[in-house]
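K.L.:
Listed below, chain by chain, are the residues.
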Amino acid sequence: DTAVSQTPKYLVTQMGNDKSIKCEQNLGHDTMYWYKQDSKKFLKIMFSYNNKELIINETVPNRFSPKSPDKAHLNLHINSLELGDSAVYFCASSGSWNTEAFFGQGTRLTVV
Amino acid sequence: AQSVTQLGSHVSVSEGALVLLRCNYSSSVPPYLFWYVQYPNQGLQLLLKYTTGATLVKGINGFEAEFKKSETSFHLTKPSAHMSDAAEYFCAVKEAAGNKLTFGGGTRVLVKP
Numbered sequence: 001d002t003a004v005s006q007t008p009k010y011l012v013t014q015m016g017n018d019k020s021i022k023c024e025q026n027l028g029h030d031t032m033y034w035y036k037q038d039s040k041k042f043l044k045i046m047f048s049y050n051n052k053e054l055i056i057n058e059t060v061p062n063r064f065s066p067k068s069p070d071k072a073h074l075n076l077h078i079n080s081l082e083l084g085d086s087a088v089y090f091c092a093s094s095g096s097w098n099t100e101a102f103f104g105q106g107t108r109l110t111v112v
Numbered sequence: 001a002q003s004v005t006q007l008g009s010h011v012s013v014s015e016g017a018l019v020l021l022r023c024n025y026s027s028s029v030p031p032y033l034f035w036y037v038q039y040p041n042q043g044l045q046l047l048l049k050y051t052t053g054a055t056l057v058k059g060i061n062g063f064e065a066e067f068k069k070s071e072t073s074f075h076l077t078k079p080s081a082h083m084s085d086a087a088e089y090f091c092a093v094k095e096a097a098g099n100k101l102t103f104g105g106g107t108r109v110l111v112k113p
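Heads up: the protein sequence lines correspond to chains Z and X, in order.
Positions 1 to 112 (my numbering) are the ones given, in order, by the first sequence.
Positions 1 to 113 (my numbering) are the ones given, in order, by the second sequence.
With the rest of the complex left out, here is chain Z (with noise of 0.2 Å):
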């Protein structure tokens, strides 16, 4: 009964390759997230959708294009994959009922 799941784990990959990580919620909740956390553990926001709708979309390379092909599904995909594009990356979700992101366990990207 997981709540909000996302695949692969985890991810190794060569630079230049593209990569895609997948989320799922079954919370029913009408905006999603995806974060990135750094090796000092940073947290930051990279996108949110609203129902499938792009709602947030901070400074992040056009390397990175999220997708949602309905509400209970945030996929990432990243083209042309850097050194610097290693790091954990969280999908979350919240409902317009309550205030607090439910997160998922996370997706340690390497690239080397």
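Among the clues, some could well be false.
Derived lysine-lysine pairs resembling DSS-like cross-links, with alpha carbons at most 27 Å apart [claimed, not checked]:
| hint | chain 1 | residue 1 | chain 2 | residue 2 |
| --- | --- | --- | --- | --- |
| 1 | Z | Lys9 | Z | Lys52 |
| 2 | X | Lys112 | Z | Lys40 |
| 3 | X | Lys112 | Z | Lys44 |
Just a few of them, taken from the derived set where beta-carbon distance is under 10 Å, the chain X residues facing chain Z [stated by the list, open to error]:
| hint | residue |
| --- | --- |
| 4 | Gly43 |
| 5 | Lys49 |
| 6 | Gly62 |
| 7 | Glu64 |
| 8 | Phe90 |
| 9 | Gly98 |
| 10 | Lys100 |
| 11 | Phe103 |
| 12 | Gly105 |
Here's a subset of chain Z near chain X, in silico, CB distances under 10 Å, partners left out [as the list claims (entries may be wrong)]:
| hint | residue |
| --- | --- |
| 13 | Phe64 |
| 14 | Ser68 |
| 15 | Gly104 |
| 16 | Arg108 |
Keep in mind the hints are simulated off the structure, nothing from the lab.
Note that the structure is predicted; figures quoted are calculated from it, not measured.
Even for Gly, the Cβ is constructed at its ideal location relative to N, Cα and C.
Mind docking chain X on chain Z? Use the hints.
P.N.:
Just chain X now, with coordinates in the frame of chain Z:
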């Protein structure tokens, strides 16, 4: 724009001692405030939140926090630390009318036996 400052990136406490983690925020409107905990290699788990009403809020695992508007603070406390409290703690703020959750830099808590 909202921002969150957590004083002290590392805090070391003895088992049984008071845990105090400091959080100050800046926001143009009264915000919602949160504390999250992150255990190693895991996601973030909500400890407690303040939205409206009573300014002293209680959370899971014996933690509580007090919202002080005049000081723009939301400090987290636990009277007696347990070894299982060793983790990274994040304070976060969200404007009531917005969707963006902004985090502080985190505080790592080490509990000594």
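K.L.:
Work down the list of hints and note, for each, if the structure agrees.
P.N.:
Each hint tested on the structure:
Between Lys9 (chain Z) and Lys52 (chain Z) the alpha-carbon distance is near 24 Å, which keeps this suggested pair within the 27 Å criterion. Of the pairs offered as hints, the one joining Lys112 (chain X) and Lys40 (chain Z) holds, with about 22 Å between alpha carbons and a cut-off of 27 Å not exceeded. For a cut-off of 27 Å, the pair hint linking Lys112 (chain X) to Lys44 (chain Z) is broken: about 30 Å separates their Cα positions. Restraint check, Gly43 (chain X) versus chain Z: the minimum CB separation of about 4 Å is within 10 Å; hint holds.
Using the Cβ-Cβ criterion of 10 Å, the hint placing Lys49 (chain X) at the interface with chain Z is satisfied: the shortest such distance is roughly 5 Å. The beta carbon of Gly62 (chain X) is not positioned within 10 Å of any beta carbon in chain Z (closest approach about 19 Å), and the interface hint is therefore violated. At its closest, the beta carbon of Glu64 (chain X) sits 16 Å from a beta carbon of chain Z; the interface hint therefore is violated under the 10 Å criterion. This hint holds: Phe90 (chain X) has a C-beta 7 Å from the nearest C-beta of chain Z, less than the 10 Å allowed.
A cut of 10 Å between beta carbons decides the hint on Gly98 (chain X): the least distance to chain Z is about 9 Å, and the hint holds. Given hint, Lys100 (chain X) at the interface with chain Z, holds; its Cβ is 6 Å from that chain's nearest Cβ, closer than 10 Å. A hinted interface residue such as Phe103 (chain X) counts as satisfied when its beta carbon comes closer than 10 Å to some beta carbon of chain Z; here the least separation is about 4 Å, so the hint holds. At its closest, the beta carbon of Gly105 (chain X) sits 6 Å from a beta carbon of chain Z; the interface hint therefore holds under the 10 Å criterion.
Among the interface hints, the one on Phe64 (chain Z) is violated; its C-beta lies about 17 Å from the nearest C-beta in chain X, farther than the 10 Å criterion. Taken as an interface hint, Ser68 (chain Z) does not check out: its beta carbon lies about 14 Å from the nearest beta carbon of chain X, beyond 10 Å. Taking 10 Å as the C-beta cut-off, the interface hint given for Gly104 (chain Z) holds, the closest approach to chain X being about 6 Å. With 10 Å as the threshold, the beta carbon of Arg108 (chain Z) comes within range of chain X, its nearest partner Cβ sitting at about 8 Å, so the hint holds.
In terms of the numbered hints stated before, the structure departs from hints 3, 6, 7, 13, 14, listed from lowest to highest.
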